[in-house]
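J.: First to last, the sequence lines map onto chains G and H.
First residue of the first sequence: 69, per the working numbering; consecutive thereafter.
First residue of the second sequence: 69, per the working numbering; consecutive thereafter.
Everything labelled a hint here was simulated from the structure, so no lab data went into it.
Do not take every clue at face value.
Chain copies aren't distinguished; within one or between two, either way the pair holds.
[To be verified] Listed next, the in silico DSS-like pairs over lysine-lysine satisfying Cα-Cα at most 30 Å (straight line):
hint, residue 1, residue 2
1, Lys167, Lys191
2, Lys191, Lys219
3, Lys123, Lys94
4, Lys94, Lys199
5, Lys167, Lys219
6, Lys167, Lys123
7, Lys219, Lys94
8, Lys199, Lys155
9, Lys133, Lys173
10, Lys123, Lys191
11, Lys133, Lys94
2 protein chains.
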Amino acid sequence: MKRIALAAAILAATAAVPASAQQGPKPEAEIRYRQSVMNVTGRAMGPMGAMAQGKAPFNAAVAQKNSALVETMLGLPWDSFGPGTDKGAPTRADLKVWKETAKFKQAAEAAQKAAANLAAVAKTGDEGKFKAAFGELGKACSSCHDDYQLKQPRS
Amino acid sequence: MKRIALAAAILAATAAVPASAQQGPKPEAEIRYRQSVMNVTGRAMGPMGAMAQGKAPFNAAVAQKNSALVETMLGLPWDSFGPGTDKGAPTRADLKVWKETAKFKQAAEAAQKAAANLAAVAKTGDEGKFKAAFGELGKACSSCHDDYQLKQPRS
Numbered sequence: 069m070k071r072i073a074l075a076a077a078i079l080a081a082t083a084a085v086p087a088s089a090q091q092g093p094k095p096e097a098e099i100r101y102r103q104s105v106m107n108v109t110g111r112a113m114g115p116m117g118a119m120a121q122g123k124a125p126f127n128a129a130v131a132q133k134n135s136a137l138v139e140t141m142l143g144l145p146w147d148s149f150g151p152g153t154d155k156g157a158p159t160r161a162d163l164k165v166w167k168e169t170a171k172f173k174q175a176a177e178a179a180q181k182a183a184a185n186l187a188a189v190a191k192t193g194d195e196g197k198f199k200a201a202f203g204e205l206g207k208a209c210s211s212c213h214d215d216y217q218l219k220q221p222r223s
Numbered sequence: 069m070k071r072i073a074l075a076a077a078i079l080a081a082t083a084a085v086p087a088s089a090q091q092g093p094k095p096e097a098e099i100r101y102r103q104s105v106m107n108v109t110g111r112a113m114g115p116m117g118a119m120a121q122g123k124a125p126f127n128a129a130v131a132q133k134n135s136a137l138v139e140t141m142l143g144l145p146w147d148s149f150g151p152g153t154d155k156g157a158p159t160r161a162d163l164k165v166w167k168e169t170a171k172f173k174q175a176a177e178a179a180q181k182a183a184a185n186l187a188a189v190a191k192t193g194d195e196g197k198f199k200a201a202f203g204e205l206g207k208a209c210s211s212c213h214d215d216y217q218l219k220q221p222r223s
């Protein structure tokens, strides 16, 4: 009985997983996934931005937790910009993503590097270094968004 | 000049953050955030489910990476089920979430505990223990979804 219950639970848990994750990318699921990752990333940037701008007092634990989360998140979305994922659901991804793949990859890697640096700096608890590293990450995010993110979604 | 560029980058990075993160919850943003977290969670469950079901060979690194991600994700969404976030965008969250807050909290904590256990077990690289712990997490996920997740979104 226990074995059956366990197998049923595994099946149930796996049933919640989009087919795309098991059978290769479906554009709509990939678009939703990368938007989800960016949404979680943006939320984690919030309290760090407030601290970097002096709108909130520096809190080393908040900096560490959120920078680690951003580093983790920025490792996730890039495979979901693969061939065939340029359309299928409303998206703000510019078609240049699929035309300038090497340049886009470079921009993505720059953001990942800046996020890893911020997470490392946050562990030191140094407010000044945190603000500088957050600024660098902000520049990397903005640069990629300026080049590859449309102002409005396209279908 | 450097200081100005840095300040501009910080502003730009923070501008990408939803107002909700700075000014308190807006229901639509909270709903989107918790859905984003669950989407990222589901994607991480996929390869682990395949291994647990024997559809993919056990890979300790894949188990470790994805279980750590699920543990991180399950720390995030619960505050976004706060008062006033029961509507505002299509959601599959049952209204019971806001009626049975103590029971919902308990279910959420059970899932977090199971995810933490899975992440700890995955670090040992033991396939059998991983499968058992994944089954336990699956049960916790299913239990909470059975009780609090509607089959279809409501507006």
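J.: Each hint needs a verdict: does it hold in this structure or not?
T.: Against the structure, the hints come out as follows:
In this assembly of identical chains, the alpha carbons of Lys167 and Lys191 never lie at most 30 Å apart, being 38 Å within a copy and 40 Å across copies at closest. In this assembly of identical chains, Lys191 and Lys219 lie within 30 Å of each other by CA distance neither inside one copy nor across copies; the values are 34 Å within and 42 Å between. In this assembly of identical chains, the alpha carbons of Lys123 and Lys94 lie at most 30 Å apart only when taken from different copies (20 Å versus 41 Å within one copy). In the homo-oligomer, the alpha carbons of Lys94 and Lys199 lie at most 30 Å apart only across protomers (28 Å), although the nearest pairing inside one protomer, at 39 Å, exceeds that limit.
Proximity of Lys167 to Lys219 under the C-alpha cut-off of 30 Å is restricted to the intra-copy arrangement: shortest distance 19 Å within a copy versus 39 Å between copies. In the homo-oligomer, the alpha carbons of Lys167 and Lys123 never lie at most 30 Å apart, since the shortest distance is 40 Å inside one protomer and 35 Å across protomers. Both within a single protomer and between protomers do Lys219 and Lys94 lie at most 30 Å apart by alpha-carbon distance, with minima of 24 Å and 22 Å respectively. Taking the closest pair of Cα atoms, Lys199 and Lys155 never come within 30 Å of each other, the shortest separation being 37 Å inside a single copy and 37 Å across copies.
In this assembly of identical chains, the alpha carbons of Lys133 and Lys173 lie at most 30 Å apart whether taken from the same copy (26 Å) or from different copies (22 Å). Proximity of Lys123 and Lys191 under a CA criterion of 30 Å is satisfied intra-copy only: 21 Å inside one chain copy versus 39 Å between copies. In this homomeric assembly, Lys133 and Lys94 come within 30 Å of each other (Cα to Cα) only across copies, at 23 Å, whereas the closest approach inside a single copy is 32 Å.
Hint violations for this structure: numbers 1, 2, 6 and 8, all remaining hints satisfied.
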